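**Q** Chain residues, written in single-letter form:
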Amino acid sequence: MNSRLYAIIRKEFIQIFRDKRTLVLILVIPIVQLFLLGYAATNDVRNVPLAVYDQSQSPESRALLDAYRAADYFQIAYAAGSEAEIQTLIEKGLARAALIIPPDYASRLRAGSAQVAFILDGSDPSVAATALSAAQLIGQSHATGILSQKISRAGQNFKVQPPVEVRTTVWYNPDLISAYFMIPGVIGMILFAITAILTATAVVRERERGTIEQLIVTPIRPWELVLGKIMPYTLLGLFDTLEILLVGHWWFGVPIRGSILLIVLLSALFLLSGLGIGLFASTIANTQQEAMLTVWMTLLPSIFLSGFFFPLDAMPKVLYYISYAMPLRYYLSIIRVLLLKGVGIESIWPDVIALTIFGVVIMTAAALRFKKRLD
Amino acid sequence: MITVTHLHKSFGHLRAVDGLSLAVAPGEIYGLVGADGAGKTTVMRLICGALTADAGSVSVGGYDINRQTEQARGLIGYLSQRFSMYEDLTVLENIRFFAEVRGLKADEWLPRSMEILDFVGLAAFKDRFAGHLSGGMKQKLGLASALVARPRVLLLDEPTTGVDPVTRQDFWQLIIRLVNQLSGSPVDRLTEQPDNPKTGKLDNRTTGKPHNREAQVSVLISTPYMDEAARCHRIGFMRQGKIVAEGTPGQLRATLDGQILELRGTPLMEIRRLAAALAGVEDVQAFGDRLHLRVEKDQAGAVTERLRASGAAISSLRPLPPTLEDVFIKMSVE
Chain A
1 MNSRLYAIIR KEFIQIFRDK RTLVLILVIP IVQLFLLGYA ATNDVRNVPL AVYDQSQSPE
61 SRALLDAYRA ADYFQIAYAA GSEAEIQTLI EKGLARAALI IPPDYASRLR AGSAQVAFIL
121 DGSDPSVAAT ALSAAQLIGQ SHATGILSQK ISRAGQNFKV QPPVEVRTTV WYNPDLISAY
181 FMIPGVIGMI LFAITAILTA TAVVRERERG TIEQLIVTPI RPWELVLGKI MPYTLLGLFD
241 TLEILLVGHW WFGVPIRGSI LLIVLLSALF LLSGLGIGLF ASTIANTQQE AMLTVWMTLL
301 PSIFLSGFFF PLDAMPKVLY YISYAMPLRY YLSIIRVLLL KGVGIESIWP DVIALTIFGV
361 VIMTAAALRF KKRLD
Chain B
1 MITVTHLHKS FGHLRAVDGL SLAVAPGEIY GLVGADGAGK TTVMRLICGA LTADAGSVSV
61 GGYDINRQTE QARGLIGYLS QRFSMYEDLT VLENIRFFAE VRGLKADEWL PRSMEILDFV
121 GLAAFKDRFA GHLSGGMKQK LGLASALVAR PRVLLLDEPT TGVDPVTRQD FWQLIIRLVN
181 QLSGSPVDRL TEQPDNPKTG KLDNRTTGKP HNREAQVSVL ISTPYMDEAA RCHRIGFMRQ
241 GKIVAEGTPG QLRATLDGQI LELRGTPLME IRRLAAALAG VEDVQAFGDR LHLRVEKDQA
301 GAVTERLRAS GAAISSLRPL PPTLEDVFIK MSVE
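Which chain is which? The protein sequence lines are A and B, in order. Here the first sequence is numbered in the numbering used here, starting from 1 and rising by one per residue. Here the second sequence is numbered in the numbering used here, starting from 1 and rising by one per residue.
Hints listed in this document are in silico derivations from the structure and should not be mistaken for laboratory results. One should not assume that every hint holds.
Chain A stretches covered by chain B per the calculated footprint, using a threshold of three residues with CB under 8 Å from any CB of chain B [unchecked claim]:
(1) 14 to 24
(2) 216 to 229
(3) 364 to 375
Remember, predicted model here, so these are calculated numbers, not experimental data. Glycine included, each C-beta is placed from N, C-alpha and C at the ideal position.
All chains should be modelled from the sequences, with the hints used to inform the complete structure.
**A** Have a look at this one:
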């Protein structure tokens, strides 16, 4: 290899391994993030605390409660004695939902039809939406059960069957586990953050500490300096990719259905964007703090407008179009497809092309701005 | 080796370098002196191409710094005013890095690095982190990494500022040995590279040591210290981005021959006021219990008579040989 390039890469690695803080950042932070987001950032609705005000206290009302108990969406946490008590429980946040069964539930049910009230705390819309449909589904299926019991008791020998039945099958993530959706996102976010921040600070550090002045006077070509700075962080970025992928696979059970080689190659392609943004930030910033901030300014919109947490389809049109400028968007769509669907490049090539264009453009822009001069 | 012509560089409204020209011959130590802010560092940075000139040209060893930047830089060793080694690398790792980026081969850098560390006296500290070195040792490390790739041109920007007198002395001995190429010194080994492609362009000087001639090192050093300036072969005085006087230390001192008077007497402050107001006196500086008067050319006798006639209590009055300091003061205020 070119001895100047080799010398820069070697020096950069020595510095990385000597800087314990950076090393922790590179090796440990991805795992911490993975666990945080894998567990905490979940949209799964489980065990919503439910308060019950059962005024009927009949076998019928207990059967309804059993139906709610059986589904793990709700956990019957409180038996309230009045509507006021229910209000207090919800206001204090102790209960997220409440079921009120009227005193005449059993008799009305025997007579034909009965009503129950279901109250939901809508202050967290995503939880409320899921809980709402769960509550309705449980009620409906319970009602269907009662109906068919009644008919069979009446001696009529036919099963109640809805005229149309929608049979749902969920592909790729049948249990709808959020982690399967989140972990590819974590890979993308970490890759982007680590490579962009480290590249930016590694270049700016030379300026901040004055070592750039000595570096400038050497016969190092600008492209060698850029490449020598970038290569170590590319390798570390790919190391992080594998690290997150393996922990995600073994700990969270995220499937890796696509080709590992393709995942690594396309991750490397995505790294180009992160490195390019880092390099670009380094041409603007004069101190490491400035470089960090500059990168953060691009990182936050990337995370919110990439479909990491919030579905792109639900966004207002303006934001949706802005999301086209976020390389993370393309990578997330690629990595989710590759991990969960196990398809080949033929299904994702539009994203691959978009990512390539973005990487080349930002890298070229950064390289053009990058000068081996003090002024 | 270094040819600078009509160099201009402005920062906003400030004309840091304003039409400066200078030339440094092979084997020459050229001292750039001037007050803070005279533009010395900017000149250094323009010569090594760290800054781009607004106008004018710089050529190093025949290479234009703007068009053949990397070839020119291949000849340059540069020691910046600010410490610019990697503090988180050891002494040897620093030297190795700068040796390798300057093209020393895998089997070459270690013996050469040890040789140069030996030369500057840092061999015993090779495994110490650069950040843990003392100020003087840091400067020596800077010099060592500037020298490791056998530069033909050495640019030293105030290398001894903030360094103790003993280390300053050491430092100058190193530079002088480097340029004088004493036999057996590492500098002789610096010259064992007869394959330098640039030799044809550089040999317009003959030193009587043909095997050394092509490899003579040129040094451009900036310093605020006059005792250091006196060690240079030639000095350029800089003021407001220009060289206002240039010559050997002797030539520069000679410009003030017979113009410096030393005066003792009491009360000194009163005599000082009196002398400063006297016709023919250009400048009065107090030096402890005496005054140095700089008088106009050929006015020493007249001034002496005027002083005697003034009735001041003068205990001694005699002409002094001018020093570079006198020249510096004159050049800085004119």
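**Q** Evaluate each hint against the coordinates.
**A** How the hints compare with the structure:
Here the region 14 to 24 of chain A counts 4 residues with a CB under 8 Å from a CB of chain B, which clears the bar of 3, and the coverage holds. By the rule of at least three residues with a Cβ nearer than 8 Å to a Cβ of chain B, the coverage given for the region 216 to 229 of chain A holds, with 6 such residues. Look at the region 364 to 375 of chain A against chain B: 3 of its residues bring a Cβ nearer than 8 Å to a Cβ of that chain, three or more, so the hint holds.
Checked against the numbered hints above, the structure breaks none of them.
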